[in-house]
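Engineer: So the sequence lines, in the order shown, correspond to chains A and B.
The first sequence: position 118 = 118 (this note's numbering), numbered continuously.
The second sequence: position 269 = 269 (this note's numbering), numbered continuously.
Only true hints are included.
Just so you have them, the derived chain A footprint on chain B, three or more residues with Cβ under 8 Å:
1. 28–37
2. 44–56
3. 81–95
4. 115–121
5. 158–165
6. 222–236
7. 254–264
Listing some non-contacts, in silico: residues in chain A with all C-beta distances to chain B over 12 Å:
8. G81
9. L86
10. L97
11. T174
12. M229
13. L298
14. A299
15. L300
Hints are computed from structural coordinates only; laboratory data are not their basis.
Ideal Cβ placement from N, Cα and C applies to all residues, glycine included.
Here is how the chains run, residue by residue.
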Amino acid sequence: MSALAITGEDSLTGGQPAPGCPGRRRRRSTAGWLLFPSLTLVLAGLILPLALMARTSVAHFDAASPDLAGFTLDNYVRFFGEPFYLMILARTLVVALSCTAICLVLGVPAAFVISRVESRALKTVLILATIIPLLMGNAVRAAGWMVLLADKGLINSALLSAGLIAEPVRILYTGSAVVIGLIAVLLPFMVISLESVFENIGTAYEEAAQTMGAPPWTAFFRVTLPLAMPGIFSGCLLCFVLAMNAYATPVLIGGPSFQMMAPKVFEQAIKVYNWPFAATIALVLMAVTLALSVASSLALQKRYGVL
Amino acid sequence: MTGSRSPFPRSWSDRSFWPVIVGGCVAAFVMVLSPLAAIIWVSFFENKIISFPPTGYTFDWYRAAAAMPQFRDGFFTSLELGLVAMLVSLVIGVPAALVLARGRFPGREAIQSLLLAPLIVPGIVAGAALYMFLIEVELASGVQVAMTFTGLAIAHSLIALPWTVRLVTASLVGLDPQLKEAALTMGAREFTAFRLVTWPLIRPGVVAGALFAFIASFVDLEKSLFLVGPGMTTLPIVIVNYLEWSIDPTIAAVATVQIAIISAGLVLTDRYFKLARAF
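Kindly generate the complete structure, drawing on both the sequences and the hints.
Structural biologist: This is the structure:
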């Protein structure tokens, strides 16, 4: 910790030191102390626990004692050896990728409209309508979908009374329900990341393209979207990572038969008490997510230059 | 770019652009807002078993929910945790943000990513890891931390910290460090310079950071999941546990109360700090 503070002392004034300025020396030495408590919290509350988790994942499982003992790769062999767990991983990937794709298709128009609305009041309302659901927590939204999608829910009741279907369609507790629920959770993140990007690009390039004769769609697809590519990528990445790790939505509206990775971590840890295997699942989930994120950003960097 | 390679015939394209874009926007907002609208509506239904259309409307479920101890306890635990997390994240996060915003120094990027890491590490992974860690601490020291308020407070301070750091840093970006240097050169003491120069500039960021910290803590589910115990449960977890068994207007009323609190908090925040800047 003190090492960080010492290296931080030399150029705190942003490369523009004000020689002879009173108080400068004192402020330099306080920098370390100002950072110390927050870094301690993150190191002790997150980094050390993650290191311990990595250790736990290679420990022997002994139901009788919570002590960490031995060194074994059995947990990883079990995960990658059993088709059951590989299937859960594959399902999680498919759900995350399809949610990300749909969020992109719906998020681009929404963000574009918000960034181009001229009325300030309407813009504020739309941004609040994006951010309030974003910070609402997943439990409340899952409850909303349970009301809408259940066999006797609003959608089935409406379709029945309209005579479009003869009996309720099963939506809740299926994979589609999970995808629908997750899209609603993730879409605000996509919209809010893209909105600022479109906002920063401004209208000048589009207008230039249209003045030179490009129809609106051409200007949009060949000028605006390529300019927004870095933002689109980071929005997609955010959605993908959040979808991979979703817990409440699959548990509540996927039901017990539609299993995904994050609920499996909880199940192994709290219901089966197999902490080493829970740690393994958690780390595999994190590693796969990280690997795909890095690979895709490298691929995109090649295609579009520095992001 | 003369439009000759347009992917659509020109006449159709000219007229379809805004209708399609606005249509997509409406679809997006319907997806996002309909579950919230549905749960608010259902909370006023008269019939206990949810069916459409309702037989009538009533406010009774709010009274019923308030009378149920698990919701009341969960609500107050979440409220206390949110306030503690907010305070901790302000006390330790604002100084850190001030240092980070002062300029470039070796290790600055690393420190910043470390402080924002709790936002990036998946909640379920971080929660499980913290639980294992606290159990090890308990085995080593004999002091129980997991499943106590202290354990939850640590987890929730971690949830809140990145928001405070991020929003206060964001409000300081573009702030000229020479403003404060000027005050100091002209003889102001360190604290006076902070009070009269820096504080007014960061105040909107601090207020927004505090409110975001509270909200992020109040709605957290995944990180708390492992750390709650008997008699010490947060509102979102009470809601999830209830929903695993049944859905009725009572739980809809609880959810509506949460929606009201979060919405009020964010509308309030927006007055101090343009919300779009927080992301």
